[in-house]
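Chemist: Each chain is listed here by its residues.
2 protein chains.
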Amino acid sequence: MAQTVIKASGKLEEFDRNKLVNSLIRSGATEDVALEIARNIETRITPSSHTRHIFKIAKKLLRQYSKVSDMRYSIKKAIYSLGPAGFQFEKYIAGILRAYGYVTEVGKIIQGYCVSHEIDVFAKKENYIIIVECKYHSNPGNSTDVKTALYVHSRFNDIKKGFESSPENHFTFQQGWLVTNTRCSVDALRYAECVGLKIVSWKYPEKESLEKIIETKKLYPVTILSSINKNALEMLFRNDIVFAKDIANMDEETFSKKSGIDIHLAHLLKNEADALCFPNNKNQ
Amino acid sequence: MAQTVIKASGKLEEFDRNKLVNSLIRSGATEDVALEIARNIETRITPSSHTRHIFKIAKKLLRQYSKVSDMRYSIKKAIYSLGPAGFQFEKYIAGILRAYGYVTEVGKIIQGYCVSHEIDVFAKKENYIIIVECKYHSNPGNSTDVKTALYVHSRFNDIKKGFESSPENHFTFQQGWLVTNTRCSVDALRYAECVGLKIVSWKYPEKESLEKIIETKKLYPVTILSSINKNALEMLFRNDIVFAKDIANMDEETFSKKSGIDIHLAHLLKNEADALCFPNNKNQ
Numbered sequence: 001m002a003q004t005v006i007k008a009s010g011k012l013e014e015f016d017r018n019k020l021v022n023s024l025i026r027s028g029a030t031e032d033v034a035l036e037i038a039r040n041i042e043t044r045i046t047p048s049s050h051t052r053h054i055f056k057i058a059k060k061l062l063r064q065y066s067k068v069s070d071m072r073y074s075i076k077k078a079i080y081s082l083g084p085a086g087f088q089f090e091k092y093i094a095g096i097l098r099a100y101g102y103v104t105e106v107g108k109i110i111q112g113y114c115v116s117h118e119i120d121v122f123a124k125k126e127n128y129i130i131i132v133e134c135k136y137h138s139n140p141g142n143s144t145d146v147k148t149a150l151y152v153h154s155r156f157n158d159i160k161k162g163f164e165s166s167p168e169n170h171f172t173f174q175q176g177w178l179v180t181n182t183r184c185s186v187d188a189l190r191y192a193e194c195v196g197l198k199i200v201s202w203k204y205p206e207k208e209s210l211e212k213i214i215e216t217k218k219l220y221p222v223t224i225l226s227s228i229n230k231n232a233l234e235m236l237f238r239n240d241i242v243f244a245k246d247i248a249n250m251d252e253e254t255f256s257k258k259s260g261i262d263i264h265l266a267h268l269l270k271n272e273a274d275a276l277c278f279p280n281n282k283n284q
Numbered sequence: 001m002a003q004t005v006i007k008a009s010g011k012l013e014e015f016d017r018n019k020l021v022n023s024l025i026r027s028g029a030t031e032d033v034a035l036e037i038a039r040n041i042e043t044r045i046t047p048s049s050h051t052r053h054i055f056k057i058a059k060k061l062l063r064q065y066s067k068v069s070d071m072r073y074s075i076k077k078a079i080y081s082l083g084p085a086g087f088q089f090e091k092y093i094a095g096i097l098r099a100y101g102y103v104t105e106v107g108k109i110i111q112g113y114c115v116s117h118e119i120d121v122f123a124k125k126e127n128y129i130i131i132v133e134c135k136y137h138s139n140p141g142n143s144t145d146v147k148t149a150l151y152v153h154s155r156f157n158d159i160k161k162g163f164e165s166s167p168e169n170h171f172t173f174q175q176g177w178l179v180t181n182t183r184c185s186v187d188a189l190r191y192a193e194c195v196g197l198k199i200v201s202w203k204y205p206e207k208e209s210l211e212k213i214i215e216t217k218k219l220y221p222v223t224i225l226s227s228i229n230k231n232a233l234e235m236l237f238r239n240d241i242v243f244a245k246d247i248a249n250m251d252e253e254t255f256s257k258k259s260g261i262d263i264h265l266a267h268l269l270k271n272e273a274d275a276l277c278f279p280n281n282k283n284q
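For the protein sequence lines, the chains are A and B, in the order given. End of the first sequence = 284 in the working numbering, gap-free, step of one. End of the second sequence = 284 in the working numbering, gap-free, step of one.
Think of the hints as simulated: they come from the structure by calculation, not from any bench.
Note: identical chains are not told apart, hence a pair may lie in one copy or across any two.
Listed below are the simulated DSS-like cross-link pairs for lysine-lysine, each with C-alpha atoms no more than 25 Å apart in a straight line:
id: 1; residue 1: LYS245; residue 2: LYS125
id: 2; residue 1: LYS108; residue 2: LYS147
id: 3; residue 1: LYS124; residue 2: LYS160
id: 4; residue 1: LYS198; residue 2: LYS161
id: 5; residue 1: LYS212; residue 2: LYS77
id: 6; residue 1: LYS147; residue 2: LYS160
id: 7; residue 1: LYS198; residue 2: LYS147
id: 8; residue 1: LYS198; residue 2: LYS218
id: 9; residue 1: LYS198; residue 2: LYS160
id: 10; residue 1: LYS207; residue 2: LYS76
id: 11; residue 1: LYS77; residue 2: LYS230
id: 12; residue 1: LYS7; residue 2: LYS60
id: 13; residue 1: LYS7; residue 2: LYS19
id: 14; residue 1: LYS60; residue 2: LYS19
One chain only, chain A, in its complex shape:
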């Protein structure tokens, strides 16, 4: 149904989505973003909306969209800063699972049916266990290939068989997971889906990708904070402070005491974490 808006001249005219989209593209939006904003605007139009006002809202939305896109870029970069070794990525993934109610252990050794395995993240919720293999790449060009999916599946099977043959075990092995900060090859995804291995990569699966999980639950890693340095990072991880919101949820003194970071740097990091996790506080 066509919607009517009031022009600058006071005349009525039909709302023209293309005109708005083109204007947004001229302002630097991508076509996708411009279309998304235009669709958003359409839901807000009333017969008393002025075109001038509509463009103002659209521009405001565009600024928010660029912020989101900047933020997404920063998160991705922050995840890469967890390297060069994969150990902190494992701790980070364990932290994400804890946010979803799992009890986790990093680097646990489990006896399988044939051999013993070192599990990156062992996660337990009620009677269910998931076994997570983390694949951290410091180079975004490196994707996780089918060989990784194949060995993770064999490992999961060996552990499952070992547990099932042990009479004192009361747990059910729910699933093997493969979590990576880059993309997975098409074959890796296809194989995983076929054998029931769960893959979580930066963009996959669309609604539960690492990117989406982080955004939804604001699980920004501490590496996103601009004042962080290598020493401080080590101290944070040693004390299981993995997320910016862990810092935002403590007062400055507790944070400094718990992490061992001197009060000056703790102050800076706390301010940055607060700004990130409670962005609206300043204006309230």
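Since the structure of chain A is provided, determine the placement of chain B on it from the hints.
Modeler: Just chain B now, kept in the frame of chain A:
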């Protein structure tokens, strides 16, 4: 039973194995080699044997033993010369399987149950099929780890399941193999044995190791020939001439024609291959 031998002075004395062993060790033999030679010598002693003569034979045997040890070293080095990429190692392993009566294909793509796989060596004998994954390391320090054994096993299972679900298939999948030019980790060997995956590495399994297979069937790779160069190697592999004995079994002209290598280099290579494969010809 003690054996009597004739000393240099003409006197008789009991054969003393320790004396011989120590003398061989002084000549540069390892304890194992010295003991093996001494045991060999004992079977040859007659009551008319002179100690002088015995030591002469022992020294001759020692030279042969060092030649064997030199040769083993050369073979190992020649296998490393198949790199830096793994492709020629795959062709070499395919050649070994042909020598055992298999019909082989290198780099064949097979549709598994979940995904398709590129198989390093696909080998068929009667109605049986084996699927070989080759792991070539250009650095002797790199061993093949349990992750490799895990993914090879998953791959084999996926191919097997794919074949078994295809009604027009008349073959039986006998086994998955993992062949490597270096050593495998203890866990890789343990896992493979547990799930029925066959591993062949440089020294394993003791009686059917790559080293033993090569020695028993004189399957020396062409890289062992001193006059070989990179160009010639490419031409040989392109024409499926993988073993020194392939060259020894042709006359010089046929070899030059078949490989495309010019007659001068073909002559050198042919001489070297002959000396290696028919070492006793010169003295006949």
